[in-house]
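S.K.: All chains, please: the whole structure from these sequences, using the hints.
The listed protein sequences derive, respectively, from chains A and B.
Mapping of the first sequence onto numbering that gives the first Met the number 0: position 20 corresponds to residue 19, and the numbering continues sequentially without gaps.
Mapping of the second sequence onto numbering that gives the first Met the number 0: position 78 corresponds to residue 77, and the numbering continues sequentially without gaps.
Some clues are possibly wrong.
Covered stretches of chain B, as calculated for chain A (at least 3 residues, CB under 8 Å) [what the hints assert, rightly or not]:
#1 110-118
#2 186-200
#3 292-302
Lysine to any residue pairs mimicking SDA-like chemistry, simulated, CA-CA at most 25 Å apart [unchecked claim]:
#4 B:LYS334 - A:ILE66
#5 B:LYS52 - B:ARG317
#6 A:LYS28 - B:LYS84
#7 A:LYS33 - B:ARG317
#8 A:LYS113 - B:PRO321
#9 B:LYS52 - B:LEU18
#10 B:LYS154 - B:GLY249
Facing chain B, according to a computed beta carbon distance under 8 Å, are these residues of chain A, among others [unchecked claim]:
#11 ASN32
#12 PRO44
#13 THR45
#14 PHE95
#15 ILE98
In short, the hints are calculated from the structure, not lab data.
Every residue gets a Cβ at the ideal spot worked out from N, C-alpha and C, and that includes glycine.
Spelled out, the chains give:
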Amino acid sequence: MGASSLIVLIIAAVAFSSIAILIAKLVTKATTNKQKGEAIECGIPTVGPSWIQFNVGYYLFALIFLIFDVELVFLYPWAVVVKKVGWLALVEIVIFFLILFMGFLYAHKKGALKWM
Amino acid sequence: MWSFSNIANEIHTWLSSQLPPIWATIVEMVIAGVAVIGLFAILGLVLVIMERKVAAWIQIRLGPNRVGPKGMFQSMADTVKLLVKEGMTPNGADKLMFNVAPFIAMIVAMLLMAPIGFAKDFQLWDLNIGVLYITAISSISVIGILMAGWASNNKYSLLGAMRSGAQIVSYELSAGLAILTIIVLTGSLQLSDIVQAQADGWWIFKGHLPVIIAFLIFITAVTAETNRAPFDLAEAESELTAGFHTEYSGMKFALFFLAEYINVFIVCAIGATLFLGGWMPFHIGNWEGFNHVMDYIPSSVWFFGKTFFLIFVIMWFRWTFPRLRIDQLLNLEWKYLLPISMINLLLVTLIAILGWHF
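M.R.: Dropping the structure here:
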């Protein structure tokens with residue numbers, strides 16, 4: 000079907016979801032009371048705001064992820080031609096991996112992968 | 000012989016003879032859309048009942064057995080129940096983001112359907128960068144989860160979403176490296192080419208030990224990427240109630256639930272396509288009679304059989320391994336799976352260049 004299938008799929012997803020939500024809205028009866036709209040915290044009211052800055056541990060993982068994800072993107076075209084290029088491709092990718100692994104070891108040594 | 004590609008071709012020729020080309024295309028699009036929605040709904044219902052039955056079977060109990068024969072209509076009854084529940088938005092929530100998040104989850108799950116070959120010559124879009132497309136689109140799903148968690152204005156949701164984000168981006172790397180081993184062996188990103196390369200044997204048999212290691216890493220990584228036990232920290236019910244969808248109810252919750260199960264199906268379908276030969280039947284060397292018998296089984300049966308076997312394995316994991324802690328989870332990825340899969344990729348490259356694979 001070609002690229003137009005993506006448009007079909009997006010329309011299908013939006014139509015399916017919105018029709019389901021619409022039917023649910025039509026057949027249910029909304030009631031209101033004072034406590035209903037509060038955040039679920041297993042019985043007790045929430046203390047303080049929920050939109051807060053949050054554990055930096057994840058942030059470091061995200062940074063390392065960025066390095067490796069870019070690496071992964073470079074690997075895709077390499078993987079397609081590696082059989083045609085032969086030994087040169089293997090040598091080059093070993094050098095590429097070594098450089099990346101240095102960065103990884105540095106991050107490891109700096110304690111970026113340690114849980115705080 | 001009866002097959003999906005024949006039916007599709009017959010519909011195409013019949014429509015082209017009856018209608019002007021533009022209308023024929025539009026009608027085909029509508030048929031494709033309705034078919035995908037139908038597949039979505041059926042898969043959701045089947046996977047939910049399958050999950051509960053497998054769980055019951057592993058724990059030696061009966062599971063749902065009241066609605067319909069052997070409880071087979073239980074998931075339909077559950078859907079009706081969710082349909083009549085009120086879908087409310089909490090007072091403190093970011094209304095727009097809260098309501099858009101389930102749509103994003105659904106759109107991502109739906110878009111991933113495009114390049115999957117369900118049967119011989121039966122694909123929605125056989126694009127030449129199929130594998131790259133799948134990895135690219137599947138990483139969007141984390142945005143839907145983060146949106147849902149952040150917009151809920153609930154601490155459980157926020158924690159669940161943050162964990163889920165860290166987990167999904169981490170395990171994407173080793174899943175990507177495991178996929179790359181197959182691309183190195185095949186030399187193509189097109190899914191139909193990858194299936195065609197396995198005509199004389201699936202990669203898991205042809206590729207020696209490195210491909211088996213890659214397969215194990217892939218299964219582990221996708222279990223984590225789809226937030227399933229033992230990696231279901233994003234919705235660890237004993238700590239976070241329900242994780243990022245704590246505040247969701249009614250149909251919006253159902254949409255998240257459906258998208259989650261469809262994602263499980265899609266990653267298993269990709270695993271089956273890359274490692275287990277997609278719709279290719281099982282052949283043994285030069286056993287002519289055996290191979291002919293295997294050829295008689297339709298390609299769609301092979302594809303769905305392999306996919307559902309992998310889904311069963313992932314469900315099996317859930318009742319076998321205890322849940323990990325978040326630091327153990329990230330250690331497993333960064334200190335073990337990632338270095339192993341990098342070295343494994345180099346090994347596969349060596350094998351591919353030397354031509355040691357069959």
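S.K.: Give a verdict on every hint.
M.R.: Comparing the hints with the structure gives:
no., hint, result
1, 110-118, "holds (count 3)"
2, 186-200, "holds (count 3)"
3, 292-302, "violated (count 0)"
4, B:LYS334 - A:ILE66, "holds, 16 Å"
5, B:LYS52 - B:ARG317, "holds, 13 Å"
6, A:LYS28 - B:LYS84, "holds, 9 Å"
7, A:LYS33 - B:ARG317, "violated, 39 Å"
8, A:LYS113 - B:PRO321, "holds, 22 Å"
9, B:LYS52 - B:LEU18, "violated, 47 Å"
10, B:LYS154 - B:GLY249, "holds, 21 Å"
11, ASN32, "violated, 11 Å"
12, PRO44, "violated, 11 Å"
13, THR45, "holds, 7 Å"
14, PHE95, "violated, 11 Å"
15, ILE98, "violated, 12 Å"
Of the numbered hints listed earlier, those contradicted by the structure are 3, 7, 9, 11, 12, 14, 15.
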